[in-house]
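Peer 1: Here is how the chains run, residue by residue.
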Amino acid sequence: MKHLLQQILQSGKFLTGFIIFLFILLLMIFYPMINPGDPLQTISIGTFAPPGTYVSMYDALDTELNVFKLDNAALNRLDSVLKPEDRVEMIMWFESAGVKVDVTLNDTEALLAAWNEYYDSSIQPSGMTKAKRNYYKRLNDNITRMLATIPKVIAKISEESGELVEVRQIKSTDYINTNKVANVFNLPLGTDNFGRNVLKELASAIKTSLLIGLIAGSVATLIGLTLGLVAGFLGGLIDDFIMFITNIFTVIPSFVLLILISYSIGQEQRGAATVAVVIGLTSWIWTARAVRSQVISLRNRDHVNLSKLSGHSFFRIMVADILPYIASYVVMALILQISAAILAEAQLSMLGLGPKTTEVPTLGLMMKWSMLYSAHLNGYWWSYFPVILTIALISFSLNLMNTGLDQVFNPTLRD
Amino acid sequence: MANHRKSCLSGKGVTKVFGLGLKKTVAVNHVDFDFLEGDFVSIVGESGSGKTTLAKMLLGLLPETEGEIFFQGSLRNIRGRENKKKYWKEIQAIFQDPFSSYNLFQKIDSVLLDCIRMRGGARLPYTNKIEMITEACSFVNLKFEELTNKYPFELSGGQMQRLMIARIFLLKPKILLADEPTSMIDACSRATILDMLMNLRNENGMTIIFITHDIGLAYYISDDVYIMEHGNIVEHGKAEDVILNPKDEYTKRLISDVPKIHEVWDLSTVG
Amino acid sequence: MRNTILEVRDLRTKYITRFREDIYAVDGVSLKIEEGKSLGVAGESGCGKSTLALSLMGYYFPPLHYTSGDIIVNGRNITALDPDTTRKNVLGKEVAYIPQAAMNALNPTRRIIKFIQDVIKAHIPEMSKQEVRELATERFRILGLPEKVLDQYAVELSGGMKQRTVIAISTILSPKVLIADEPSSALDVTSQKMVIKMLRDLMEKGYIKSMIFITHELPLLYNVTDDIMVMYAGQIVERGSAKDMVFDPKHPYSKGLMGSIIVPEPGTRELELVAIPGTPPNLKNPPKGCRFAPRCKYAEDECLLHEIKMKTFGEGREYRCKFSIDYLTEKYNNGKS
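Chains C, B and X, in that order, are what the protein sequence lines are.
The first sequence: position 221 = 220 (numbering that gives the first Met the number 0), numbered continuously.
The second sequence: position 55 = 54 (numbering that gives the first Met the number 0), numbered continuously.
The third sequence: position 19 = 18 (numbering that gives the first Met the number 0), numbered continuously.
No lab work stands behind these hints: they were computed from the structure.
Errors might be hidden in some of the hints.
[As the list claims (entries may be wrong)] Quick list of simulated restraints, FRET-style, between CB atoms: (1) V25/B x V250/C: 29 to 37 angstroms; (2) Q5/C x K283/X: 15 to 23 angstroms; (3) L19/B x L26/C: 38 to 46 angstroms.
For each residue, glycine too, the CB sits at the ideal point set by N, CA and C.
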């Protein structure tokens, strides 16, 4: 036993799979601890807030100021505000005005220097419409305003006179410490279409999906194992009957069956556990067939005959003389079933037949909603890409562990 | 003198058919036999002769398609688990491959403790059980202290097969069915195994049914010999009579095809 | 004096296990076979006789590794060749090897003639398909195999026929040495006899110059080979003519082995079988002195101390024991009375 464990841990494939899986498990366990609360709570008004750190502007105004004189603060400010299309237009202006400059789009400093040197609103390049000339004028005004260090004024409406009263001036050199702001928070993966924290939702969805996989895998393995053992060991009419049922299920595509059952259950009754059981009920066939064939080859072995001659009961022979010989096989089948069930849940959810949406997030549901809200068309990658990656990694790590175990248990595959 | 001894296991028209219709195979075809108490009987046949199927029927592991098997003169009843258990107290087996005869996940102790339980000694104090096991092990020249808490795969083939004999020693059945017990072990250990089987017969009056493909071995060890070919018993009788003066064509061919050392082995009879 | 076809000098080969342990399964074997002679190798399972067969091919693949020694086939030292040359020029042409399960090596989806074409294509590429068929037909006719087998598939043949076909295929290039490792053990006695007859024919008709025959069945060995060699724990313990070895073995181990022969002949029932207690040593760390000493009933303390060299006596007989022939003979005779 100890030797076997040692061999399993020496298998590179198993270890790689296990580490990836462990990483996902750690995320699942620890993120909700750092950031407790309901994963389905809507936190942002409006959809798809991009990933990043969010600072409350309202609180920031009341926060104590520090003054820093930084050289390229203005440049940075402009850099973050100057849109790519504006930069392109700037270079277009140089060309139509006949000014030869050698600048690139991303080199904000050189671009700005050239702009300040050559731009003149009085120059009227031929073929340029008035609207275009006005656009350049506005652009120039904007840039000038950004570079200037005119303070901004915060004002409020006086209760008595109804006029704006200056409350505070904010200079370009004013900074606040985010630690001192009352409300600052991180959204490493932004928010989704409902304005939920994607990472928190993801951690919770991993948990649900793994649970679905575990329940479905256990149900499928249990049914398959029982039927396979009984059919293989007893043989005869019972075997024929069980194989008849199994063959019927084999020719009906299990996914079609899954869709039909899920549909007939109805949206209201479909919890995560129900879906898991349904997946389990439709995927036991291959386990049953495989176990049966293994048992048939074992049942005529001498140690089983000897056990019969020793007067052991049917149940005892099953548990003590047959099960240990196929245990490794069953464990590997279980791992594959878990991986397949997680994928099946995702497939079902994409079709809108997954668990009901209001209770728990699952990996499939997260993908479904981001697709419905066209996240993939608008470039809101944070709402679907991490989910896809997680599904792929879970499936990959489970399969890798399975292959590793296979190599340990099946000597013909060792290198 | 032999006529005075009682019949231990006999059969009339025992038949086993596998499959149905076109796939029908007659493995054992209307076989009659009569094994006397205390005899050492060999059933000799090549692979596919149905000798192992016959053995399984005798053991009650396979139901016979046709025919009747009599145990100690009366029709045997092995319907239901209780009757089977009772029958298996009287008939036990040693199989060909010692490596597959053991459950690799169970310690050797449990195999031997099972035997005591089967003989109704489940409630005996543990020290008594150990005493019995130690005695059985010393019968087959093994030391129980060296075997206890070991798994079967830690033993050699010869040791495993000897342990099987120790199991029989504990069970003390009326009939022992030995299915090629020496074919997987080395020639040097073979003599030991045969000796122990002889001892079992001499000390406990066991009837031993020895199944083998080796006609020389059958001649060496047995009182009676049954020769099987394609599910039929083609010849039976005293070992000397059958082997030295075979009547049946098949037996003659079988004997002439086995390499000899004192007589000339005639290669011209084939091809 | 006849030509020496195969000479082996102090051959050592080892297995390297998954746990990086060395197991010397063939440990210093020297032998010589002359033209037209056959040599039998006997011993318990695990004594290294099958490894010897593999090693004699001169082509090693893990876990078997070559350590030292020479294999000289027809005057050429094949251990000095690189593996590719060995595979192309030695295997099949000079040395042919037939393992026990050889008959299972036939791919069931190809006709038998295809295998023969493959063998010839690898060694004599200029031969046309027509010539190959003529050669094969001729060879099959002489060896008493039906010609129609050439166009059949392996699944259509019986076990004995398959084994004979494989032997015919592997000797199609008339190799100098045929190494047969238990070629008939999985067959029934009638097929076994046919295989043996075929091997005899191959020798008599000169298609093979010499043969090494390995089996655990001593009566068979006695009837097939001229000489018998007994192996124990990777070493040769005794060698002599078949008759001498069976009826007058000298080494205590050979004595035990020959004492376990049972044949269906008059007088067999009166024999007393000899049993050798114990098990062969673990070759990971074999005993320092005589390897058989721990199981030998004549062993003295000194046997365990020094390695024992092969000693020659009589014509073509060698044995590996500390004691003299006379001493051993006396011991054996005392044991009988």
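Peer 1: Which numbered hints are broken by the structure, listed smallest first?
Peer 2: 3
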